[in-house]
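Colleague: Each chain, letter by letter, is given below.
2 protein chains.
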Amino acid sequence: MSVLIVGSIALDTVKTPVEEHSDLLGGSASYAAAAASFFSPVKLVGVVGDDFPESEFEFWKSRKVDIEGVQRVEGKTFRWSGEYAWDLNTRETRSVALNVFERFKPTLPPSYRKTDFVFLANIAPSLQAHVLDQMERPRFVVADTMDLWIETTRADLDALLRRIDLLILNDSEAREMTKETSLIKAGRRIRGFGPRFVAIKKGEHGALLFGENEFFSCGAYPLEDIHDPTGAGDTFAGGMAGYLAGNVSTVHFTDLRKAMIYGSVLASFCVEAFSLERLRNLSMEEINERYETFKLMSQFELA
Amino acid sequence: MSVLIVGSIALDTVKTPVEEHSDLLGGSASYAAAAASFFSPVKLVGVVGDDFPESEFEFWKSRKVDIEGVQRVEGKTFRWSGEYAWDLNTRETRSVALNVFERFKPTLPPSYRKTDFVFLANIAPSLQAHVLDQMERPRFVVADTMDLWIETTRADLDALLRRIDLLILNDSEAREMTKETSLIKAGRRIRGFGPRFVAIKKGEHGALLFGENEFFSCGAYPLEDIHDPTGAGDTFAGGMAGYLAGNVSTVHFTDLRKAMIYGSVLASFCVEAFSLERLRNLSMEEINERYETFKLMSQFELA
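Chains as they are written, first to last, in the numbering used here: chain A, 198 to 500; chain B, 198 to 500.
What the hints contain is simulated information worked out from the structure, not anything from laboratory work. Given the structure is predicted, the values throughout are model-derived calculations rather than measurements. Among the clues, some could well be false.
It does not matter which identical chain is meant; a pair holds if it fits inside one copy or across any two.
Unchecked claim - Computed cross-link-like contacts, DSSO-like style, restricted to lysine-lysine with a CA-CA straight-line distance of at most 27 Å:
1. K399 / K261
2. K311 / K455
3. K261 / K376
4. K311 / K261
Work out the full structure, taking the sequences as your base and the hints as a guide.
Modeller: Listed below in structure tokens is the structure:
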């Protein structure tokens, strides 16, 4: 089955203590689509300006990413520029130019409306809801969010939470959303807001997954060198959604475990290079090999 | 086989946002011995004053903790008082009175010197070394340390590291010891300082284990309510050392995985009540039940 992915498509300028690169493909939907495309066909929804490189459309086509839902409009593509601190754990946004993204209203081509799996990557909750409004009973809806929406459009977000199956958010966002210090309490409380499942990302510390009376915890794949953390969270979420769309018809907790591990594996590759560079030349063999290594590193007892 | 445990024995006063209790049994050796005693006989080394409650000796005896190595001297027992912040993640030391601990010099009774497993809980590295000097070729030596020794007695600590098999320390200490931000790099570098194995404790995020070309990562057992975090790290380490002494003759990486999980399980019980209260009335059935639950929560794929 396919997965519909909606989110931002951007051109990024990223500075780390070691390197700086500009006009890189970025945005939540770009990372998520690349990650998901390893597991299932993707129907991409987003907007780009007339400065957007034609080569990226070719990349998407080569990966079976349907781009009928990508609007090409007059003006400049969304641009983001950020700089990472020495430890790569914190970053500062140097500039944001929404450009064509400012008036983005996701409209689904008729061929997208029956897609079974949906990943609503990080955009305003009202836009995420607008996508759902156009769909015909998707089987499983995954959504990401961020602190900005928790702080500024909480009512929209709360309404959205009642319409989705899995919410993916990071640890600080989970704490902010619930005012709970304990991530265990936070994850369980967020389930009470609507989503049947909640995944909390903890960066270098891995991720937690909450279901009804079910819990799964996994670490992060151990990496000595990280080159660019940008997009790791979107890659994680896109990998999860893509794995589910490609491998599962009715989603159970046990499928979400595997999805989360594949998401972690994809994210671990993502941060090994700038932008989507590592995801562009990654193979399914490499993904499966790392999955197996990661499994061995996490098993309590070896067979 | 038995495990020799040396460290501090204290009477603690602990304040959390909810409760305050005074004159509680505390100290690194007390927690470690209680945890280890579930798996193997313990030979305890420490010092107490004449104010130390007789009932605690009875407790140790009831748990097959040999107290021949606990010196009872004139004066007051080591006292520590601390207060936890609202989130229980940070604490402030309100007062420390070393009392009889100030002149503590661990002397081993002859019956202790051939003990196969040793856990050098958190005391000055020179005292940890002094214990090893009195021993006859122990099979496996585990040591804990803290920021104070990394900052003030680094040469002693470095000398000790070359004589031990497993170093257990927390994430901030690992970063401080190596000046590495990445815990993966830090763990591997510390192996270069001497110990064949390194365990890095990450509190609510679990723990990492490093061997030669081997790595294991486990989360923390998920708890909604923590009552008193005091002693969790000592319980973790004591549980590891006790499990090894009781179950393994030659320690391999796969044994250390299980030891680390048992350590995590013991620590998760420890924080459910003040002081050692939960460890006092804990059963092996409860430990094994939580081990199995924890395993299910961490497995990538269910059988």
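Colleague: Look at each hint and say if it fits the structure.
Modeller: These are the hints, each one checked on the structure:
1. K399 / K261: neither (31 Å within a copy, 41 Å between copies)
2. K311 / K455: within (25 Å within a copy, 48 Å between copies)
3. K261 / K376: This pair counts as neither: shortest intra-copy Cα distance 41 Å, inter-copy 45 Å.
4. K311 / K261: within (18 Å within a copy, 67 Å between copies)
Of the numbered hints given earlier, the model fails hints 1 and 3; all others are met.
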